[in-house]
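K.L.:
Sequence:
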Amino acid sequence: MAGHTVKAFDRDLESVGRGIAELGRLAETMVVQALESLMRGDAALAQSVITTGLRLVELRRRHEAEAIRAIARRAPVAADLREVVAAIRIAGDLGRIGHHAQTIANHTIRIGEAAQIPRAIAGLGRLRALAADLLAEALTAYAQRDAQRAWSVWGRDAELDTLEGTAFVDLLSQMIDDPRSITYCTHVLSASRAIERIGDHATNIAETVIYLVTGAVVADERPRGRGPADIPASVARDAF
1 MAGHTVKAFD RDLESVGRGI AELGRLAETM VVQALESLMR GDAALAQSVI
51 TTGLRLVELR RRHEAEAIRA IARRAPVAAD LREVVAAIRI AGDLGRIGHH
101 AQTIANHTIR IGEAAQIPRA IAGLGRLRAL AADLLAEALT AYAQRDAQRA
151 WSVWGRDAEL DTLEGTAFVD LLSQMIDDPR SITYCTHVLS ASRAIERIGD
201 HATNIAETVI YLVTGAVVAD ERPRGRGPAD IPASVARDAF
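In terms of UniProt numbering, the sequence shown is residues 1 to 240.
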């Protein structure tokens, strides 16, 4: 590339990077607020998350389009191409994270304040903390181009499965102990699945960071914990 073209493309890359950082901050805020709304039964905060999601969708489309234009204008190769491809991938995962945050918020609204059952919701504490931490770490890995940090996020994915499985059994027990809690616990079960999916997308971002920094696609199968699908029917029955 000629000197002025290289500088122009560098500016394009910086703009794309700033866009992804903005998108990441917004998605992270949505996740934190969605989880807080669920734990507190705060319908007003949940509604704010849903509204913020509309802005996230708009920003995602804008930044993805900007990245695609950078490819069309500059025809980047090697590391520069990885930068743009990574931005598009991460934007997609952040969009899905925002969608799952909205799902959690919707369940909070449907539950209503009167249905709050402290025992049922308490079991999600570690799951929500881990999902939020993995997202924060994945975004930091991207900002710092830190493959080692990204590998750390990738290696903790199994913890999410295990914590979701534990929450699943706890909620089944709660429903049997108090059938009046079934509606509430069903919403919490759906929210726990959305929380686990947020962690999965954070792991996707970590894999993209590894690709961005090293040029290698993560070929290994992710470590898996014992999630709800791995719990035998007999164990589920024992919960009752």
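Calculated from the structure, these hints are not laboratory results. Each residue gets a CB set at the ideal place from its N, CA and C atoms; glycine is no exception. Among the hints, erroneous ones may be present.
Claimed, not checked - Cβ-Cβ distance ranges computed for the label pairs, FRET-style:
{"hint": "1", "residue 1": "Ile176", "residue 2": "Val32", "range": "25 to 35 angstroms"}
{"hint": "2", "residue 1": "Val85", "residue 2": "Gly112", "range": "19 to 29 angstroms"}
{"hint": "3", "residue 1": "Ala75", "residue 2": "Gly155", "range": "33 to 43 angstroms"}
{"hint": "4", "residue 1": "Pro118", "residue 2": "Val77", "range": "24 to 34 angstroms"}
{"hint": "5", "residue 1": "Ala79", "residue 2": "Arg224", "range": "30 to 40 angstroms"}
{"hint": "6", "residue 1": "Ser190", "residue 2": "Ala79", "range": "40 to 50 angstroms"}
{"hint": "7", "residue 1": "Ile71", "residue 2": "Arg119", "range": "13 to 23 angstroms"}
{"hint": "8", "residue 1": "Ser152", "residue 2": "Val217", "range": "34 to 44 angstroms"}
{"hint": "9", "residue 1": "Ile176", "residue 2": "Gly92", "range": "36 to 46 angstroms"}
{"hint": "10", "residue 1": "Arg40", "residue 2": "Arg145", "range": "28 to 38 angstroms"}
{"hint": "11", "residue 1": "Gly125", "residue 2": "Arg62", "range": "41 to 51 angstroms"}
{"hint": "12", "residue 1": "Ser190", "residue 2": "Ile71", "range": "15 to 25 angstroms"}
{"hint": "13", "residue 1": "Leu81", "residue 2": "Arg126", "range": "50 to 60 angstroms"}
K.L.:
Hints first: check each against the structure and report whether it holds.
P.N.:
Hint by hint, here is what the structure shows:
no. : hint                                 : in the structure
1   : Ile176 to Val32: 25 to 35 angstroms  : holds (32 angstroms)
2   : Val85 to Gly112: 19 to 29 angstroms  : violated (44 angstroms)
3   : Ala75 to Gly155: 33 to 43 angstroms  : holds (36 angstroms)
4   : Pro118 to Val77: 24 to 34 angstroms  : violated (56 angstroms)
5   : Ala79 to Arg224: 30 to 40 angstroms  : holds (32 angstroms)
6   : Ser190 to Ala79: 40 to 50 angstroms  : holds (41 angstroms)
7   : Ile71 to Arg119: 13 to 23 angstroms  : violated (52 angstroms)
8   : Ser152 to Val217: 34 to 44 angstroms : violated (18 angstroms)
9   : Ile176 to Gly92: 36 to 46 angstroms  : holds (40 angstroms)
10  : Arg40 to Arg145: 28 to 38 angstroms  : holds (36 angstroms)
11  : Gly125 to Arg62: 41 to 51 angstroms  : violated (35 angstroms)
12  : Ser190 to Ile71: 15 to 25 angstroms  : violated (38 angstroms)
13  : Leu81 to Arg126: 50 to 60 angstroms  : violated (39 angstroms)
Violated hints, listed in ascending order, are 2, 4, 7, 8, 11, 12 and 13; each of the other numbered hints is respected by the structure.
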